[in-house]
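J.: Sequence:
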Amino acid sequence: MSSYACAGLRTNSGQVFPYTVRPWAHDGQSTVMQLLFRKRVEGKPLVSGANQKVAFRLVLKQRVFETSFVVNSADVLDGSERVIYLAPAFTELNEVARE
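Numbering follows our numbering, with no gaps: position 24 of the sequence shown is 528.
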């Protein structure tokens, strides 16, 4: 994974940048990157309501990837979860739809 990755999230509350970027290896090759973002912006929750639009941008190897999605504040993890379930479409590479 390149050390030149830059990413950010933006909501109505403001914007944050990852405080941790972890490459994950699969078959000895770094193929997945985990980005960890803070949940607060200047003391305010980054996501504070229902159906809040979140814009995401990642710059990696001189390419820009952008998307936006909707998040509900009830869905944001608070660290108290003992088990986290992710649907297979997010965890199994062969389940991810390809264009």
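Hint data in this document are derived by calculation from the structure and do not stem from the laboratory. All of these numbers come straight from a predicted model, not from anything done at the bench. C-beta atoms are modelled at their ideal positions from N, C-alpha and C, and glycine is treated no differently. One or more hints might be untrue.
Stated by the list, open to error - Pair ranges (Cβ atoms, derived): (1) Phe541 - Gln566: 17 to 27 Å; (2) Gln533 - Asn576: 33 to 43 Å; (3) Gly553 - Thr524: 22 to 32 Å.
J.: Does each hint fit the structure? Answer for all of them.
T.: Results for each hint:
no.	hint	result
1	Phe541 - Gln566: 17 to 27 Å	holds (23 Å)
2	Gln533 - Asn576: 33 to 43 Å	holds (35 Å)
3	Gly553 - Thr524: 22 to 32 Å	holds (26 Å)
Checked against the numbered hints above, the structure breaks none of them.
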